[in-house]
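K.L.:
Okay, here's what each chain looks like letter by letter:
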Amino acid sequence: MPHVLLADDNPELCQLLEIRLKTLGARVTIAHDATHALYLMSRNPPDLVILDIWMPAGNGLAVCEMMRDHAALCEVPILVITGDSSDEARQRVTDLGAHIICKGDDLWDRICYFYVNHFKLQSHPKPGRRAG
Amino acid sequence: MKQASQITDELSLRVLPRQRMRRRLRRFLVVALAAQAGATIAALVALQTVWKGDDRPDHSPSVAALALDLLNRQRTGRITSVSKEMLDRVADAPSIEFACVIDDADRVLLTGGDSGPDLGAYGLDPAREVPVNTQTLVAAIPSKRLRIYESRLPERFGVRQSVLIGVRDLGSDRAVLDGAAAAGIGMLVTALIALPLVWCRIGGWSQGLHRLHTSIRRLALNAPLAPLPVTGDDEIAYLSLAFNDMAGKLTASRRSLLTANQTLEERVRERTDELREVNCVLERQNVKLEELTETALRFTDDVAHELRTPLTVVMEFASIIEDGIGGSITDQQREYLRFISDASGELARLVDDFLDSSKLRSGTLRVDRQELDIDRTLDAIWPMLELRATRAHIALRRTVAAGLPRVFADREKLGRTIINLTINAIKFSRAGSTVTIGAALDDELGVRISVTDQGPGLSPEEVHSVFERFRQTASGKVARTKGFGLGLSIVQGLVSLNLGTIGVESTPGVGSTFSFTVPSYEPAVIVDMFLAGVTERATAARVGVMLLECGDGGGSASDLIARLAPLLHPYDIQLPTNGAVLLFGETSDIDRWSDRLRREYAETDDLRADTTPVSLRVISAAIHGVDEVKERLLMHFDIVEASRAA
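Taken in order, these protein sequences are the chains called A and B. Position one of the first sequence corresponds to residue 732 (this note's numbering), numbered consecutively onward. Position one of the second sequence corresponds to residue 462 (this note's numbering), numbered consecutively onward.
Only chain B is shown next, with the shape it has when bound in the complex:
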């Protein structure tokens, strides 16, 4: 709320001050009346001047007739004077002062009229030959208001005589003048009476208008407002009434708006508080969840850990007895021991699967992708697989195509994938059959590794449900039917981590081939497979990209990679390029991803993170999104991509 004085100042600036308003109106009144008076006076003056001019009623026809008549009579000697009756006969010239006939020498021959022609008074001297003309006459008798008519006898009479007739138009003159004077006086009187009345009225009006103006301004400024006094029945009163009504309604609506606002604010505050509470709860739950996950993981770790020792004891003693070290055994005992070995072996594998599965699901597996040679990878795991195959009386074969490129994968996980699939194949094969491990080039995806068995095979529905069960088991159910269980879900996880895809082909009664891909060690293929995985896992993931230059401390790209590996998430990829390492990964929060990495780098010496991470949005439905990401990634490898068909 403004200060009262401030409001008054404002109002005084904006409102027409009362005195000024009054003065204006009164000035207007004075001017109007002055104009009126002035007009009246001017009219009178004008009449006065005009009367002197040529604007006179024209009596000439009747006067002319009289004149002619007079002339005739004189000529004929019938009259010697002009009688009054004669003059009175002129209908519309009631006051003919005189009439006289003069000859062309201006000698008066005949006169007449009311006052017996006092020609002397008119400046006429009958005795003398005075040149007489109308102008002279009129000029000589200004006060008498005479109109002198001169009529000349027409030439045909042969005599040159003229008649002068003086006509006084007293009646109309006076009437006009009287009228004008009366009007003027009337106006002045009216003015004099009206002036004080209007003067006071103006005072009242200006006050009323001023008050109204003030109130309007106050209303606009939301200042305190008193209702206007409504006195009398005039326009100002009506206006004030209407204003009061409006002001009342406006103030009421303003007040209700304010209340509504306050209510709204309160409600917003309530909701915000609620939200904050909910947020807190969620945060706490989040923290708890994280802790629980940690605990669960550690628990599974510990459990697996603890289970292994007794398991080993069981298995090894069974095998010791089986081998006859504890003494000779019967065939029956051998068979029973076999059961013990098999079951405990199964148990051990289950423990492993269980542990791997939880690690895969929680994303805590560390992935160490390198350039690998397929042959050598197979060499490393071959003895162990051969052992198992031999024990199950199955032949293990290997067909690796020639000239296979090196692949980009985590060695241990690649090995485990092959082992898991092979163990499965062995499990489902009859004694005497063959399990074949093959490796061939798959053009776009890299190298395809397959494990073929000659087991019972799977029907098309089973093929489908095998993969469905992947997802079912991933949700926590350990489906033991058909013995696939966790094993294949782990395999799928491992294949995925190695940027590959997995599939199965099967003919019932003939056998099955499980195969998976690993990207060849080529940036284009690696990036393709990485992006394929990203778009499969999330519809709107982001790909963060960082280029890390190797420090001048002599470290190589592979050193850098090895050092960074523990800091990364399973789906972060590192590729060496041109003396630097290109690091890219899938993340839902680019900033958090890059911040984390920067923090880790800051603690590692001689690492320089050169580029600011680039955020690239990958949307599975929009192909151009994926292509753009691919381009941005591959440009670090100086690869010129053959332009694809649009």
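Same shape as in the complex, but just chain A:
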């Protein structure tokens, strides 16, 4: 059961992603600020991290950096979700070795796509939307 860590200061967003991730069979841990996220991560290294950039008590990118330098966490894939679609943000995220996904009307689709590909869950039934 893949362990996913979610860090975003918007509780509703965390809740909806948790709901979705659970349907994919993931175990979800939630943090609402960067420091808490790091704490949780170091306590219990996850298999996937989904981060927002703009959070209180730190910043998603800083978390990425710290993870990179952390022995146990440097291999964990990071999905950065953000409302910032600027090229600088994109560049910085890519420079840090993470994947960027913009908040928008296909947020879950993209996260799901990544999740499925990463954990090679071909057989898992996809959510009802695609059935038309």
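These are computed hints drawn from the structure, not numbers from a lab. Here a beta-carbon is modelled for each residue, glycine too, at the ideal position from N, C-alpha and C. Hints may be right or wrong, so weigh each one.
Computed footprint of chain B on chain A, listed as stretches where at least three residues anywhere in the stretch have a Cβ under 8 Å from a Cβ of chain B [what the hints assert, rightly or not]:
{"#": "1", "segment": "738–747"}
{"#": "2", "segment": "750–756"}
{"#": "3", "segment": "824–835"}
Based on the hints, put chain B in the right spot on chain A.
P.N.:
Structure of chain B alone, referenced to chain A:
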């Protein structure tokens, strides 16, 4: 103003000094009078000499007649002496001193005359046979001024006798001499009287002329000037008067000129100050404008940023419910949720469009043009498009021609262009129809990518207004009719950034095809499309060109390009060539463009900017301008252009 002494020196150098002038005039006078006197004396002397010469009145006819008469009478023995009456009869020889007849042995036969012939006084000795000739007589009596006439009896009389008649021309002689003497004396007297008068006159004239000359020089040098004294009624006085008048008028006009000059200078200063003020205001406004633009951009950024999170929440929960995760839902609820999803999806797209549009307009988009493969670009965006198409029950097809060249474009923007057009196509298609994305070769422009739908299509007026609305929306109005709105204006911006053109073909009731071009990865095509864009955007833009050599630090052209990309403006183009990078861009100020780039390079190590930037003027109306630029750019690629028809 010059020093007074300096002026005096100058004047003394230039003005004829008074003494000299006086001396000259007086010398002239003396010379004239001397000449006159000399002439008179010479005339007298000449008369004296001439009188001694042969120039004598010719009394010979009357004297000859007398002589003949005398000879006759003597011969005939009628007279023994020459009487006074006889002599007086000679009309125009009033003073015959004597007359005598001599034979050819020069013996005096007969004499007569006023003083009874004192022949002795004449050097004649009747008693002796003295050879007598006129010359001797005259020479002997120089003081008496005698003219001796000799007449010989004509040969037919058989006797050789001659008559000597001495005539004194006292009257005319004396008259001449007296006259000459009188004239000479008169002249000398006149001269003596005139000399002092003229002498003084000259003094006066020279002073007047000197003063006039001085004043003229002062006037010319703009030195202080006193009016000339006008005394008397003579020429100098008139001249002085005229000069005073002229000097007055000139000084007045000079003064008014000076005043006018000063006024002008003042006014110029005022205007300059005004301009400077205006400039300051403009500068401040400029700075403010820049700040405002910055603020506005940051604001839109922040707004878009902030809007996305709540939007996502709305959309995702709607979809969660729709998917039945929150419990089963009725069909009615499903339908309503669909509306929520669609509307919020629309809202999200609007937010994106809004943000992109402002970035495009402000030119802050970073452009990263590379060599791209069309197929692979389509592959990357295909899943997302397919998802949307499927959701709208539309079939998505792809027709990519074989053997397409690679293109030169920004990957992300190319993708977005296709996505935007496809989403539009899907929006306007009926369920069950097909949207086709095609890619084909367009000879001169590169690769043409088209999105065809089977929607309602557009009428010719609509086709026109679609493109017009591009410009309208670019000016700030968000026209929502027909749902084109910002979307197409963004597409146009993106196409333009990728050095392409966009167009639409449509048949009402059948469908529409929106297509745009991307240049193939060939310098000639890229340069062509770049220049086409430049001339469309500005009538007189400049193209700056720089050739950058890759440093010896082992960096390649693509490294260099990647490193330079953040420093460039959206319409600066970089192309790798022969181990260097050709950088060219559109700019209104060549110097500022090159300075900026140089400054950036200076901070980046192992970059060498080799050539000084070349400024090439591109004028849209003048074709040769564009061709020249193209040539200069392409020569870095060792391309031999087939010569075009002139």
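K.L.:
Hint by hint, note whether the structure agrees.
P.N.:
So, going through the hints one by one against the coordinates:
1. Restraint check on the segment 738–747 of chain A versus chain B: 4 residues with Cβ-Cβ distances below 8 Å, three needed, restraint holds.
2. Evaluation of the coverage hint for the segment 750–756 of chain A: fulfilled, as 3 residues show C-beta separations to chain B shorter than 8 Å, against a requirement of three.
3. Taking a C-beta to C-beta cut-off of 8 Å, the segment 824–835 of chain A contributes 3 residues in contact with chain B, enough for the three needed, and the coverage statement holds.
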